[in-house]
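Here is how the chains run, residue by residue.
Number of protein chains: 4
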Amino acid sequence: MAKVAVVFHSGYGHTKKQAEAVLAGAQKVDANAQLVAIDAEGNLSDEQWAILHAADALIFGSPTYMGTVSWQFKKFADASSKPWFTQMWKDKIAAGFTNSATMNGDKLSTLHYLFTLSMQHSMIWVGTGLMPSNKKSAERNDVNFVGSFAGAMAQSPSDSSPEEGPLPGDLETARLFGERVAQVAAKFKG
Amino acid sequence: MAKVAVVFHSGYGHTKKQAEAVLAGAQKVDANAQLVAIDAEGNLSDEQWAILHAADALIFGSPTYMGTVSWQFKKFADASSKPWFTQMWKDKIAAGFTNSATMNGDKLSTLHYLFTLSMQHSMIWVGTGLMPSNKKSAERNDVNFVGSFAGAMAQSPSDSSPEEGPLPGDLETARLFGERVAQVAAKFKG
Amino acid sequence: MAKVAVVFHSGYGHTKKQAEAVLAGAQKVDANAQLVAIDAEGNLSDEQWAILHAADALIFGSPTYMGTVSWQFKKFADASSKPWFTQMWKDKIAAGFTNSATMNGDKLSTLHYLFTLSMQHSMIWVGTGLMPSNKKSAERNDVNFVGSFAGAMAQSPSDSSPEEGPLPGDLETARLFGERVAQVAAKFKG
Amino acid sequence: MAKVAVVFHSGYGHTKKQAEAVLAGAQKVDANAQLVAIDAEGNLSDEQWAILHAADALIFGSPTYMGTVSWQFKKFADASSKPWFTQMWKDKIAAGFTNSATMNGDKLSTLHYLFTLSMQHSMIWVGTGLMPSNKKSAERNDVNFVGSFAGAMAQSPSDSSPEEGPLPGDLETARLFGERVAQVAAKFKG
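Going down the list, the sequences are from chains A, B, C and D.
Everything in the first sequence is counted per this note's numbering, starting at 1 for the first residue and increasing by one.
Everything in the second sequence is counted per this note's numbering, starting at 191 for the first residue and increasing by one.
Everything in the third sequence is counted per this note's numbering, starting at 381 for the first residue and increasing by one.
Everything in the fourth sequence is counted per this note's numbering, starting at 571 for the first residue and increasing by one.
So that you can see chain A by itself, here it is in the shape it has in the complex (with noise of 0.2 angstroms):
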């Protein structure tokens, strides 16, 4: 069994709603897996990380602020030079999500962040596997009509409240995307 773990920052709970569905589709594969969740000052616990260290995948999220991962979510990757120095992570299994007010609004440049990171860190990278919705007949709740190959993306207009978004197409290309990953880690664990 391949344990997963979801680890992520969220300002204003449209973060949080993501993982909560990107959780759900991992725990179709293990009912273990599990959210660790970035506190606001950007710190984890020893016990948080000691969940990473025992993760075959990491699950990476923040939203995207100011056109990358909000600075909390960076200062757990900088906390992470310490396993990464004994290279603690090598081979997990990584991928990322992040969610954003914009359509675009350089979610693309969070997500190759959060693959630079992983790759610093010896990981293995999985993407959606998911096509886009993008034909006339495309609706605003399809799976993948944000349309994001190396990560999953979601928009929450900036208005809106953690209840009113992400929209539930974009939670169900959520979930879809924790189940795959987490499917990729356990045949990978073999």
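None of these hints come from the bench; they were simulated from the model.
Here the structure is a predicted model, which is why all the values come from computation and not from measurement.
It is possible that some hints are incorrect.
What the hints assert, rightly or not - Not close to chain A: a few residues of chain C, all C-beta gaps over 12 angstroms, as computed:
no.	residue
1	Met381
2	Ala404
3	Gln407
4	Gln414
5	Pro537
6	Pro548
Stated by the list, open to error - Each computed EDC-like pair below joins lysine to aspartate or glutamate, with the alpha-carbon atoms no more than 20 angstroms apart:
no.	chain 1	residue 1	chain 2	residue 2
7	C	Lys569	A	Asp91
8	C	Lys515	D	Glu709
9	B	Lys272	B	Asp246
10	C	Lys515	D	Asp729
11	B	Lys193	B	Glu237
12	C	Lys515	D	Glu734
13	A	Lys90	C	Glu559
14	B	Lys379	D	Asp626
What the hints assert, rightly or not - Far from chain A, by Cβ distances over 12 angstroms, these chain D residues were calculated:
no.	residue
15	Lys573
16	Lys586
17	Ala594
18	Asp616
19	His623
20	Thr656
21	Arg710
22	Ser730
23	Leu737
24	Gly760
The beta carbon of each residue, even a glycine, is placed where N, CA and C say it ideally should be.
Once you have looked at the hints, place chains B, C and D on chain A.
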């Protein structure tokens, strides 16, 4: 008077429509701004190269195919190693735009590449200067609904004809972007 | 047994040398690993495409020209839209390498593109898994002196022949990288 | 007279040395160019923010930690959402530099982020304007040996003190870069 050239490749006509909108915007500032179309084999004529060499601003455009510029655009970029060796384009203004079928669809990867190309040429990069439309009340035909800062993005459904797409809002975004680049070029020329 | 194919373009022979080193590394794990060379017009034969379709891991290689892959490599990538439509390469292992004349020289831009391509194909990406040699005592021929995580980099001076460059350290880096990718592919196949 | 501010974070002092070299270059054009240091908690004083708001050019600098800017720099970037909302920095000149221990070490990822940040602010980006030293005869202390176009890079071995690194060539690169950015700012201001 700053001279503007819009150098682009279009596979099916959607990016050409976007290029024409960028041109229309640029022409509000430089009445003689012109299109320079890369052909289906990725080539430009000597006359077309001369237009680029004489311009004060080059606006690069390409569809996003398989995650970055089309191979025809890249063939043009590779051929630009000739003016690169002598840094002939140094201090020209640069900017970029792209169209693809998907809302995100890695369009930012294309803009990042166009930026990277311009930096090798020691050009000076200008983005859209447009805030995104990302409130709950946002509509598909708002200016910068697709939501890009580094350059102009348009989205045309995968089964749309060039007549059908890009949509009016994306074309208006392209016009405002072309006008901005030409204004910056004029200001920089002094 | 996981099948590995190294699909690459080389303009002057330096990237070919790097590809051969990647292959040598891969063959320690998959004795039948093979090179698939993109020709000077950016084409592959039907037999070559068949090798790619049958492989469990595709290692992409290209020189960095004007900031990303060569146009010939991009023509191959654009032609891969055919297997993309049916997601024929889904869950294959992917990895990438590049050579250029400059220490940095935007080689990371090339690796980012190869990653982006692989994500559109729903492949699973593996990096070098090699720590950089970056102490005061570091020497040019150390493994991963050029210092890349996302894929293997080599640097060959602009006036070096393919016989002279890449240097032995970069070729050893390429071998270790090829071996790692093949090992991950073997583990993933189970 | 165009006003230049070099806003940076330094963890151990290497990036500070690079920032001082950038400043020295800028001061050849703007004698009053100044440093604005982000503190160890990622904060600026009101007086420091006022310097940024009044400047014509902002040169961003950060070490590359775990693949992009330090969390302290990111905290500053997140706090810049306040001037972003009113686009207070629109049409300022922007540029960026970074130091890390490894030759590549994902430094381009950091520069790409600084570029992305500047584009959200509708700034105008200037790179190094320096050709790389990449011949067989190249030496470590040549200008732009590290070889970057989008912004200035320096490399300081992981076990070097700030006194030992960055090396003289990287500092000269930083000076020429600072001078170029100030010149472009002066030309743009007219």
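Going through the hints against the structure:
Against the 12 angstroms criterion, Met381(C) stays outside the reach of chain A, whose nearest CB is about 15 angstroms from its own CB. Interface exclusion of Ala404(C) from chain A stands, the closest Cβ pair being 21 angstroms apart, more than 12 angstroms. With a least CB separation of 21 angstroms from chain A, Gln407(C) remains clear of the 12 angstroms interface cut-off, as annotated. With a minimum CB-CB distance of about 23 angstroms to chain A, Gln414(C) clears the 12 angstroms threshold, and the non-interface call stands.
Listed as a non-interface residue, Pro537(C) keeps its Cβ farther than 12 angstroms from every Cβ of chain A; the least gap is roughly 26 angstroms. The Cβ of Pro548(C) sits about 23 angstroms from the closest Cβ of chain A, beyond the 12 angstroms cut-off, so the non-interface label holds. The suggested pairing of Lys569(C) with Asp91(A) holds, with an alpha-carbon distance near 15 angstroms, which does not exceed 20 angstroms. For a cut-off of 20 angstroms, the pair hint linking Lys515(C) to Glu709(D) stands: about 18 angstroms separates their Cα positions.
Using a Cα cut-off of 20 angstroms, the hinted pair Lys272(B) and Asp246(B) holds, with the two alpha carbons roughly 18 angstroms apart. Distance check on the hinted pair: Lys515(C) and Asp729(D) sit about 6 angstroms apart at the alpha-carbon level, within 20 angstroms; holds. With a C-alpha separation of about 16 angstroms, the suggested pair Lys193(B) and Glu237(B) falls inside the 20 angstroms cut-off, and the hint holds. For the hint pairing Lys515(C) with Glu734(D), the CA-to-CA distance comes to about 12 angstroms; that is within 20 angstroms, so the pair holds.
For the suggested pair Lys90(A) and Glu559(C), the alpha carbons sit about 15 angstroms apart, so the restraint of at most 20 angstroms is met. Using a Cα cut-off of 20 angstroms, the hinted pair Lys379(B) and Asp626(D) holds, with the two alpha carbons roughly 17 angstroms apart. Every Cβ of chain A is farther than 12 angstroms from the Cβ of Lys573(D); the closest lies at roughly 23 angstroms, confirming the non-interface assignment. Listed as outside the interface, Lys586(D) is consistent with that label: its C-beta sits roughly 18 angstroms from the nearest C-beta of chain A, beyond the 12 angstroms cut-off.
No beta-carbon of chain A is positioned within 12 angstroms of the beta-carbon of Ala594(D); the least distance is around 29 angstroms. A cut-off of 12 angstroms between C-beta atoms confirms that Asp616(D) is not in contact with chain A; the least separation is 19 angstroms. Every Cβ of chain A is farther than 12 angstroms from the Cβ of His623(D); the closest lies at roughly 17 angstroms, confirming the non-interface assignment. Taking the minimum C-beta to C-beta distance to chain A, about 15 angstroms, the non-interface status of Thr656(D) holds against the 12 angstroms cut.
With a least CB separation of 24 angstroms from chain A, Arg710(D) remains clear of the 12 angstroms interface cut-off, as annotated. Its beta-carbon lying about 17 angstroms from the closest one in chain A, Ser730(D) satisfies the requirement of being farther than 12 angstroms from that chain. Against chain A, the non-interface label of Leu737(D) holds: every CB pair exceeds 12 angstroms, the least being about 23 angstroms. Once the 12 angstroms rule is applied to beta carbons, Gly760(D) is consistent with being away from chain A; the minimum gap is 29 angstroms.
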